[in-house]
Each structure stands twice: as C-alpha cells, then as structure tokens.
Amino acid sequence: MSTSYLIKGATTAAGEGGVDVLIRDGRIAERGRSLSAADAAVVDAAGLVLLPGMVDIHTHLREPGREDAETVETGTRAAALGGYTAVHAMANSMPVADTAGVVEQVHALGRRSGWVDVRPVGAVTVGLAGGRLAEIGAMAQSRAGVRVFSDDGICVSDPVLMRRALEYVKAFDGVVAQHAQEPRLTEGAQMNEGAVSAVLGLAGWPAVAEESIIARDVLLAQHVGSRLHVCHVSTAGSVEIIRWAKQRGVNVTAEVTPHHLLLTDELVRSWNPVYKVNPPLRTDDDVTALRQALADGTIDVVGTDHAPHPSEHKECEWAQAAMGMTGLETALSVVQHTMIDTGLMNWSRFAEATSVLPARIGRVQTQGRPLEAGEMANLTLVDPAARWTVDPHKMATKGRNSPFAGLELPGAVVATFFAGHPTVLEGRLNAPHPDAQKD
Amino acid sequence: MSVPSPGSGGSVFRTVLGDADIDRALTRIAHEIIEANKGSEDLVLLGIPRRGYPLAQRLAAKIARTDPAADPERMVGRLDVTMFRDDLRRHPTRPPGPTRLPPAGIDNKVVVLVDDVLYSGRTIRAALDAIVDIGRPRIVRLAVLVDRGHRELPIRADHVGKNLPTSSAEKVRVRISEVDAVDEVVIEGPA
Amino acid sequence: MKHLLSTDGLTAADAIRILDTAEEMAVVGEREVKKLPALRGRTVVNLFFEDSTRTRISFEAAAKRLSADVINFAAKGSSVSKGESLKDTAQTLEAMSADAVVIRHWASGAPARLAASDWIDAAVINAGDGTHEHPTQALLDAFTLRRHWSRIAGRTSLGEDLSGLRIAIVGDVLHSRVARSNLWLLTTLGAEVTLVAPPTLLPVGIESWPCKVSFDLDEVLATHPSAIMMLRVQGERMNAAFFPSTREYARTWGFDDERLAALEASPAKDTIIMHPGPMNRGLEISSAAADSSRSTVLDQVRNGVSVRMAVLYLLLSGDDSAQPTPAQEARV
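Chains as they are written, first to last, in UniProt numbering: chain D, 1 to 439; chain Z, 1 to 191; chain V, 1 to 332.
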C-alpha cells in the first residue's frame with residue numbers, strides 16, 4: 001500500500017492554480033508545480049480546490065450511551081465523507097463526558113476508528129446539571145487533552161457558575177463554549193417565537209433568550225479576561241452583540257451552523273420534525289445577518305451541530321420530537337451554496353472558517369495548518385462544480401434527520417487526507433488511517 | 001352534466017319531444033293523477049331535483065286548474081336524495097341539496113314522486129328510502145316525463161309522459177325551461 | 001379536500017359548502033328519524049389524546065347520524081400512555097380500515113403530522129390540536145353566526161358569507177385554538193374581527209394577523225359588535241403570571257353583569273354572546289350573561305353536530321381521488 005500521494009493540478013484556497021502537493025509519511029513533503037514522484041499514487045486535482053482538512057467545532061457522536069443514534073465509528077465516517085479531518089465530540093453522551101475517564105474513552109474510540117481526529121469536549125458542570133464544575137483540570141490533563149468545555153444542549157445559566165468556569169479554564173488554555181439559551185424564557189419552547197409560531201400555536205423560543213445570555217457572557221468574559229466561544233449563533237441580535245463585544249476587545253469567538261445559514265422557521269409549517277432544532281430555525285432577516293457575519297468574520301467559524309437521532313425520535317408529533325439535525329455530510333455544500341456561490345465569501349475565508357479558526361479555538365495543533373512542506377497532511381479536495389441531491393439514506397451517519405433531504409446542492413468532497421492518509425477517495429470512503437489502533 | 005358540443009365524439013342528436021309535446025304529456029299526467037286519486041285531496045307532489053322539482057310544480061299548477069280546491073303551493077315539495085344514493089362512493093363528493101316538504105308534511109298523504117327520466121330505477125330507490133325517513137305516506141306513486149327502459153331494480157312508474165325505447169349506448173337529455181331555458185327531450189347516440 | 005386540519009387556507013367557497021351542507025344536516029336533526037344512510041359501512045375513529053367529552057360525543061353523534069360505525073379510542077389511559085407512538089397507533093387504525101380519524105391531541109400539529117405521514121390513508125379531521133386550531137369549532141361558530149344574522153335580515157342563510165359582521169373574540173388568544181381557527185375562518189368569510197385580551201395573552205407575531213387588537217373590552221363593546229365570543233381562561237394561567245388574579249381578569253376582560261347591563265341598555269339588540277364551552281362562570285363570563293337570551297352556547301352545541309355531519313359527509317361520502325378532469329368529462 002502506497003503511503004505517498006501526489007495531488008496534481010489543484011487550486012488552493014487562496015486561488016493559486018496548478019499546484020502539486022506531494023504527501024509522504026503523513027506530511028506534506030513538497031509543494032510546487034509539475035512535481036513527480038515515481039512511488040506516489042497520483043490524484044488528479046484539475047478543477048478541484050485543495051483546502052486544509054475541515055475541523056468541526058461542534059459534533060454529537062452520541063457514543064457512549066446512544067449508539068442507536070450514532071457511534072464514533074459511523075459519525076467519523078460521516079465526518080471524513082464531509083471533508084473533515086477533526087471533530088469536537090460534544091459532552092452530552094451517556095454517561096456525560098464530565099470526567100477524564102469518559103473523555104479518554106471517546107478519544108480512544110476516535111483513535112481506534114481512524115477516520116478523523118476526535119477531540120472530546122468536556123462538560124462544564126457535572127452531568128450537565130448546572131450545579132457544580134466538572135473536573136475540568138483532569139480532563140484537560142488527560143490523554144484526551146481537552147481544551148473545549150461545554151454543556152451544549154443546556155445553557156450554563158447560573159451567572160456565578162459561568163463566571164467560575166470562564167475563570168477556571170484559563171489555567172488550561174481552555175475555552176467555554178456556551179449554548180446560549182435563557183432557560184426560563186424558553187420553557188416548553190418548540191420553535192422560533194414570531195409570526196409563524198403565532199399561527200401554529202407552538203410555544204416560542206424568543207431571540208432574546210439567546211441574546212441576553214450572549215450579552216451577559218461577553219461581559220463576564222471581559223470582566224474575568226477569559227476566552228468565550230458562543231455555539232450556534234442564530235439571531236441577528238446575537239450578531240450585533242458579538243460584533244459590539246469584539247470591537248471592545250472581548251476574547252469571544254462564535255460559530256454558525258450550516259442550517260441556520262439556509263433554512264427559516266417557515267419550514268415548521270410542514271410540521272415535519274426534521275426541522276426541529278435547538279436553537280430553532282429563525283427568520284429570513286436572521287439568515288441574512290448570519291451570512292453577513294460569517295462573511296465579515298463577526299462569526300468566526302462554521303460548526304455543524306451534527307445531531308443524529310434514531311428515526312423514532314423524529315417520526316412523531318412535533319412536540320414529542322427530539323431537536324437536532326445531521327450536518328457533517330452536507331456542511332461543505334450548504335456553506336458553498338449560501339456563502340460562496342452567493343459571492344459573500346471566497347474559499348480562503350471558507351478555509352479559515354471551517355479549518356484554521358476552529359482548530360485554533362480548540363487548540364488542535366496539527367489541524368488548520370498552512371499548505372506548506374513539513375505540515376501534517378490534513379487536506380480536503382473539493383469539486384466546486386459538482387451538484388448532487390441530498391439523500392439521507394445514502395449517508396454514512398446513522399441519523400436520517402437531514403433537513404436538506406431532496407435538495408440539490410453544489411460542491412462535493414472528492415478526497416479527504418487525514419494525517420497523510422486518504423480516508424476518502426473519488427468521493428467514497430476509502431479506508432481508515434492505518435495507524436488506527438485496532439484491538 | 002356534460003353538454004355535448006355539436007359533432008363531439010361523432011354523436012347524433014334526435015329531438016323526440018318538443019315544448020308542446022312536453023306540455024301535453026304533463027297535462028295528461030296531471031289528469032291521470034287526479035283520476036287515480038279521485039281529486040286532489042291529500043295529494044303531495046315531491047319533485048326530485050334538479051328537473052323533477054320544476055316538473056312537479058308544473059303538474060301542481062295543472063292540477064289546480066282542474067281542481068280549484070287545490071293549492072299548488074301547499075301541494076309541492078322537493079326531495080333531495082343525494083345522501084340516499086347507492087353510488088355516492090363511485091363519484092366525487094356531491095353536497096346535498098335542500099329537502100322541503102309541504103307544510104302539512106307527508107304522513108298519511110298520497111305522495112307522487114316526480115322525476116324527468118326513469119332509467120335504472122336507482123334514483124327512485126333512493127327516493128323511497130328518503131321518504132321512509134321523513135314520514136309515512138298512505139300511498140307512494142311515481143310520475144316521470146320519460147321512461148327509457150333498462151331497469152336494474154323492480155320499479156315501475158304509475159304515470160309516464162312518454163315511453164322511449166333506447167339502447168343503453170344512447171343518452172336521453174331532458175331539458176326544461178326552468179333549468180335549461182328550453183323545453184325538449186333529445187336522444188343523443190353514436191353516429 | 002381530503003382532510004380538515006385547519007381553517008387557515010380554507011377557501012370561502014369550501015367553507016360555504018360546508019355550512020350549506022350543515023344546513024341540510026340540521027334539517028335532519030329536527031326529524032323524528034335523525035339518521036341518514038350516507039356513510040353506511042364507513043368507519044370513523046375518534047382518537048382522543050386529550051379528554052374532551054363534549055367534542056367526542058358531538059363527533060360521535062354526527063358520525064352515527066350518518067350511519068357510520070364509530071370507534072372511540074381514548075388514548076389516555078391506553079397503550080398510548082404506555083409509550084406507544086402516534087405512528088403505531090395510526091398504523092393500528094389503518095389495519096382496522098378506519099376511513100376517518102377524528103383526532104384530538106394536546107400537541108399542536110399532531111393531526112397535520114398524521115395526515116402528511118404515510119402511516120395511515122384515512123381522512124384526518126382535526127378535533128382540536130394543542131394551541132393550534134379547532135376548525136370544526138370555528139365552522140360551528142360561523143354557522144351559528146350566519147343563521148342568527150340571516151334570520152335577523154330575513155334571508156335564507158344558504159350560500160351566504162359573513163360580510164358586514166363584526167366579531168369580538170375576547171380572552172386567552174395566546175393559548176386558544178378556537179381563537180385561531182375562528183380568526184382565519186371568519187375573516188375568510190368576510191367578517192371583521194377584533195381580538196381583545198391582556199397583552200400577556202396575545203402571541204408575539206400577531207401584527208401580521210388580519211384583525212384589530214384591543215386591550216379594552218368596554219371600548220370594543222361600545223362599537224356594538226355583531227357577536228362577542230368569550231374564550232375559556234384557565235385558572236392556572238394566573239400561576240404563570242399571565243395576569244395578577246382571576247378577580248382582576250374577570251373585572252377587566254370578563255363579560256360580567258355590568259357589561260351585560262350596558263349591552264342591554266344599548267341599541268345593539270341583536271348582538272349575541274358566544275362561548276365554545278366549557279365555561280368558567282364568574283371568570284370570563286358571568287352566569288347572567290351565559291344564561292341570557294343573547295347567549296348562543298346551546299345553539300353552538302346543537303349546531304356542532306350538524307357541522308360535523310357536514311364535514312364527515314363531505315370528506316367521506318365521495319371518491320375524490322378519481323375526480324374527472326374537464327377533458328375526461330367532455331368525453332362522456
């Protein structure tokens with residue numbers, strides 16, 4: 001089996017054409033033009049864009065505990081197919097990833113699968129219960145080397161606890177990724193509160209429930225001099241607050257999901273729970289503001305919030321349905337569709353938002369690196385001219401809950417190189433990294 | 001329902017009754033009804049919409065001309081049989097029309113059902129069921145302008161304006177001025 | 001029309017067709033034999049995930065008067081409460097060859113979900129879903145209004161809409177499926193609607209609704225509306241801080257004796273007082289108002305059966321799948 005690959009004639013994220021990249025022993029051995037290497041397998045990249053391997057800051061892999069929804073194996077296969085070389089696995093597993101033991105288990109599962117770099121996220125509070133801090137230090141110092149801490153799915157709503165968490169993670173160069181949702185304002189909430197919820201008679205999730213927490217948290221982060229990351233920003237008001245905070249020098253980063261860049265709460269009129277998600281789909285104005293914010297950097301990164309659910313959790317009444325959507329295998333296409341094909345941003349900014357900055361937020365040293373000799377070869381090769389129709393039944397994720405089902409989208413991942421190894425070739429799963437620690 | 005345009009499907013049209021024929025036929029039926037009933041006492045004419053109802057009104061007027069004691073207004077009713085049909089599920093939904101009985105009702109009356117065409121007999125079967133649900137007449141009789149044969153149920157008319165031997169490939173169109181702006185009976189058949 | 005899920009989107013022509021059919025059904029209700037054979041051999045399932053004896057017996061009476069077989073499936077205290085899903089329940093009913101499912105559900109959208117799924121082929125009739133809609137209630141209210149005002153005008157109600165009528169809907173609009181269904185239907189039929197409620201009981205997003213909104217009941221009553229529809233207020237709303245006390249609510253937004261007296265003293269002699277029931281006497285409506293000659297509460301109950309007969313008949317009697325296209329019809 002060849003361990004050398006020669007990517008021929010790619011266009012870089014910066015727009016430079018005709019670039020060849022030689023991958024050898026996991027690293028970029030050479031970057032240049034008209035390269036040749038007799039022992040290397042050639043990958044024809046004419047017309048393709050070569051990106052740094054995508055890094056998801058927000059993934060739910062469900063294992064341990066909900067292996068019926070997803071496993072590390074299936075979730076990371078989906079990630080590789082989506083062009084990812086690293087994912088941050090959220091802490092709301094069962095048991096919750098609130099101890100060194102659980103994060104090391106998730107980390108080990110990722111190593112064993114070998115499709116992407118699995119970076120466990122640690123819980124902020126024990127059991128995500130919002131009562132007392134989890135053992136953040138132990139998780140940071142474990143073999144998993146956790147840097148991102150989040151109670152995602154649940155807001156750290158207690159202001160004192162949030163303050164302490166922000167302060168405490170500083171000791172480990174960590175970041176608190178907040179799921180901004182004021183719990184009292186969203187009791188029983190089923191969808192965005194507005195014109196559509198008024199007609200449908202569904203309890204509303206007001207924008208202010210997100211914005212008030214973000215406003216509080218940026219002030220807290222400034223006060224204690226900490227790093228704050230805001231998960232899945234969904235409203236125009238949140239964008240304004242984050243923009244204001246950044247102008248004041250607050251160390252805050254923010255993420256937006258692909259689905260919030262495309263879909264609106266009008267879809268809830270179908271009553272199809274595939275559109276039920278937290279934070280909820282908002283309005284056209286919010287979508288416009290989010291796109292603008294991602295383009296101008298107010299929102300730093302794209303995070304999928306990939307949330308697979310078994311079908312019985314969606315084949316039911318809206319109010320009974322679980323919240324969440326799959327996203328790993330559609331993220332690139334949705335972002336190309338909403339941001340690049342609309343002219344709002346270029347592939348260079350795409351690389352920053354899907355790789356460079358998420359790696360930096362998560363302190364993932366070997367990801368989101370420049371296309372230079374000596375760097376770890378985490379790369380994604382994209383055909384921007386491809387078009388395909390989303391079919392959840394053909395996906396690698398166990399979740400069939402894609403809100404994009406049936407939609408024709410641009411852009412396809414042709415190859416994914418994870419640490420120099422092609423996990424995806426010709427748009428299909430190839431093989432996990434040979435260093436994967438199989439039992 | 002459909003009004004054939006000339007020449008569509010190669011149909012040919014044959015007018016079998018004109019307005020004078022129809023009037024004569026109704027006059028004769030009116031006399032038969034009075035004779036059978038020995039006057040107009042207890043007589044109720046229930047027209048089956050659409051065309052049976054105006055025909056019942058015409059018959060009542062003729063009866064009143066013969067028997068001045070008769071009040072045509074209080075003699076006529078309309079009987080909608082939509083919800084009693086046996087072919088509801090074979091057709092798109094039909095909203096029911098109004099059923100309106102004379103003020104004295106139909107209990108112990110002599111009810112004459114009036115319709116334009118007697119064909120399979122299924123409409124009359126539905127009408128008989130509808131009558132059972134709204135009262136108990138002493139006698140029920142049937143008057144039709146045209147009997148075209150091809151009965152599918154053991155039903156026959158007591159008073160017939162005209163017997164028209166037809167093939168089942170033909171269609172009998174009764175047009176009366178209250179509904180169709182003209183009085184005529186036309187047979188439409190394949191060329 | 002295959003299902004009746006909502007009055008939002010119901011055309012005026014369809015609504016009038018239902019109301020006109022209900023008029024014929026009402027005639028049947030006055031006969032000695034209150035039965036029609038139209039739905040013989042059809043099976044109607046009353047699938048109730050929420051208690052509502054009055055709505056269930058109204059649908060049951062309607063289905064039985066049309067000779068349908070009725071199966072009552074109270075999902076409370078059954079396998080459903082033991083975790084059986086709506087999907088499994090629906091598939092069970094499908095296996096039992098239900099032709100129509102009359103569904104009452106605490107969750108908004110459950111009937112629409114059922115209708116859009118491939119779990120069951122039956123016609124779905126929404127008998128009230130969460131805080132979304134209650135279309136047959138709105139239809140019976142429209143029927144009651146149309147009959148009353150046609151009689152005053154000395155006209156037959158057949159074929160009529162509600163243009164020229166001004167309706168005040170008063171109370172907990174936020175949580176009311178009756179208010180929503182009525183607003184869409186009454187405005188479609190040409191009536192003007194004013195919603196009257198404390199601001200806490202109006203939904204965010206109401207600005208786009210085709211109605212006026214007022215916080216002042218007396219001001220609205222002074223305009224002599226054609227009808228005042230009082231909505232049920234649940235006492236537990238008080239605990240969720242929607243209003244300070246039931247006493248304050250009754251005084252400010254209830255139809256109390258003072259307001260009844262003011263109405264009696266006004267020239268609005270034909271204004272009716274409506275309530276979908278069950279009433280909280282002394283809260284949103286005083287006993288004197290509920291029992292006054294203006295109250296149509298019992299007419300509404302009576303008309304409910306006629307309207308539900310009309311809906312069942314129109315949804316179930318024909319075969320709309322094979323509706324001939326104009327081209328096909330021309331060839332007949």
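Quick caveat, the hints were computed from the structure, so don't treat them as lab data.
Heads up, some of the hints might be wrong.
Examples of chain V residues toward chain D, derived with CB under 8 angstroms [said to hold, decoys possible]:
| id | residue |
| --- | --- |
| 1 | Leu86 |
| 2 | Gly130 |
| 3 | Val204 |
| 4 | Ser208 |
| 5 | Pro210 |
With a straight-line cut-off of 35 angstroms between C-alpha atoms, the simulated DSBU-like cross-links for lysine-lysine are [unchecked claim]:
| id | chain 1 | residue 1 | chain 2 | residue 2 |
| --- | --- | --- | --- | --- |
| 6 | V | Lys35 | V | Lys64 |
| 7 | V | Lys87 | Z | Lys171 |
| 8 | V | Lys35 | V | Lys87 |
| 9 | D | Lys394 | V | Lys2 |
| 10 | V | Lys64 | V | Lys2 |
| 11 | Z | Lys162 | Z | Lys38 |
| 12 | V | Lys87 | V | Lys2 |
| 13 | D | Lys394 | V | Lys64 |
| 14 | D | Lys246 | D | Lys170 |
Glycine included, every Cβ here is placed at the ideal spot set by N, Cα and C.
These are the hints, each one checked on the structure:
no.	hint	result
1	Leu86	holds, 6 angstroms
2	Gly130	holds, 6 angstroms
3	Val204	holds, 5 angstroms
4	Ser208	holds, 5 angstroms
5	Pro210	violated, 11 angstroms
6	V/Lys35 x V/Lys64	holds, 8 angstroms
7	V/Lys87 x Z/Lys171	violated, 49 angstroms
8	V/Lys35 x V/Lys87	holds, 34 angstroms
9	D/Lys394 x V/Lys2	holds, 33 angstroms
10	V/Lys64 x V/Lys2	holds, 20 angstroms
11	Z/Lys162 x Z/Lys38	holds, 23 angstroms
12	V/Lys87 x V/Lys2	holds, 19 angstroms
13	D/Lys394 x V/Lys64	violated, 48 angstroms
14	D/Lys246 x D/Lys170	holds, 19 angstroms
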